[in-house]
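With the sequences and hints as input, model every part of the structure.
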Amino acid sequence: AQSVTQLGSHVSVSEGALVLLRCNYSSSVPPYLFWYVQYPNQGLQLLLKYTTGATLVKGINGFEAEFKKSETSFHLTKPSAHMSDAAEYFCAVSDTGNQFYFGTGTSLTVIP
Amino acid sequence: DTGVSQNPRHKITKRGQNVTFRCDPISEHNRLYWYRQTLGQGPEFLTYFQNEAQLEKSRLLSDRFSAERPKGSFSTLEIQRTEQGDSAMYLCASSQSGQGIDGNTIYFGEGSWLTVV
Numbered sequence: 001a002q003s004v005t006q007l008g009s010h011v012s013v014s015e016g017a018l019v020l021l022r023c024n025y026s027s028s029v030p031p032y033l034f035w036y037v038q039y040p041n042q043g044l045q046l047l048l049k050y051t052t053g054a055t056l057v058k059g060i061n062g063f064e065a066e067f068k069k070s071e072t073s074f075h076l077t078k079p080s081a082h083m084s085d086a087a088e089y090f091c092a093v094s095d096t097g098n099q100f101y102f103g104t105g106t107s108l109t110v111i112p
Numbered sequence: 001d002t003g004v005s006q007n008p009r010h011k012i013t014k015r016g017q018n019v020t021f022r023c024d025p026i027s028e029h030n031r032l033y034w035y036r037q038t039l040g041q042g043p044e045f046l047t048y049f050q051n052e053a054q055l056e057k058s059r060l061l062s063d064r065f066s067a068e069r070p071k072g073s074f075s076t077l078e079i080q081r082t083e084q085g086d087s088a089m090y091l092c093a094s095s096q097s098g099q100g101i102d103g104n105t106i107y108f109g110e111g112s113w114l115t116v117v
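So the sequences go chain by chain: P and W. If you read the first sequence in our numbering, its first letter stands for residue 1, the second for the next number, and so on. If you read the second sequence in our numbering, its first letter stands for residue 1, the second for the next number, and so on.
Hints are not guaranteed to be accurate.
In the DMTMM-like style, the derived pairs of lysine to aspartate or glutamate whose C-alpha atoms are separated by at most 25 Å in a straight line are [what the hints assert, rightly or not]:
hint, chain 1, residue 1, chain 2, residue 2
1, W, K11, P, D95
2, P, K68, P, E88
3, W, K57, P, D95
4, W, K71, W, E28
5, W, K57, W, E78
6, P, K69, P, E15
In case anyone wonders, no lab produced these hints; they're calculated from the structure. If you're wondering where the values come from, they're calculated on a predicted model, not measured in any experiment.
In structure tokens:
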């Protein structure tokens, strides 16, 4: 079975500071891993994904994430936070692409 | 293609009434998913289709919930005899199964908000 744990339901950073959002997963098979962003009253937008190959993946808006199998982690980072990054972020795991399981989300606040 | 489309975006209904939401997936996608999201939570999987076949429906919340995808294109999610606890955002997503750069990645619509009063 697959599951996702997002550590920290709320993260606050200053504008220009490093963003680090944590995600740990559980999967009985090699996972597909995803990060999505959700702005208020909107659906989820794909930020980036890992399926196979390079373990460091780059996404939109300057975000990237690294798949670490030994740590069962897929943390999301961005070197310099922007005010427009304030949103809810969800990590998700899938087995063969049949079903997708989401974490409970991390709300990112960017302080000017 | 404009992406996954859902309507209505907002629905307010009285307790006990039936409601139906429609989802139009990305045109070349053969899989379609329904999720429910409540405040402060991540999307909760309800059901999914591959073409017209409903491959998983055990996560539907009760027998008041049903979904169809009759021709393998658009889908409807119906909630009968609504209860206040059904108030949530209902998200539709679609994907194309198989390999390829875009395979096995789900893309979401904007969601349909349901308020039961």
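So, going through the hints one by one against the coordinates:
no. : hint          : in the structure
1   : W/K11 / P/D95 : violated (34 Å)
2   : P/K68 / P/E88 : holds (23 Å)
3   : W/K57 / P/D95 : holds (18 Å)
4   : W/K71 / W/E28 : holds (14 Å)
5   : W/K57 / W/E78 : holds (13 Å)
6   : P/K69 / P/E15 : violated (31 Å)
In this structure, the hints that do not hold are numbers 1 and 6, in rising order.
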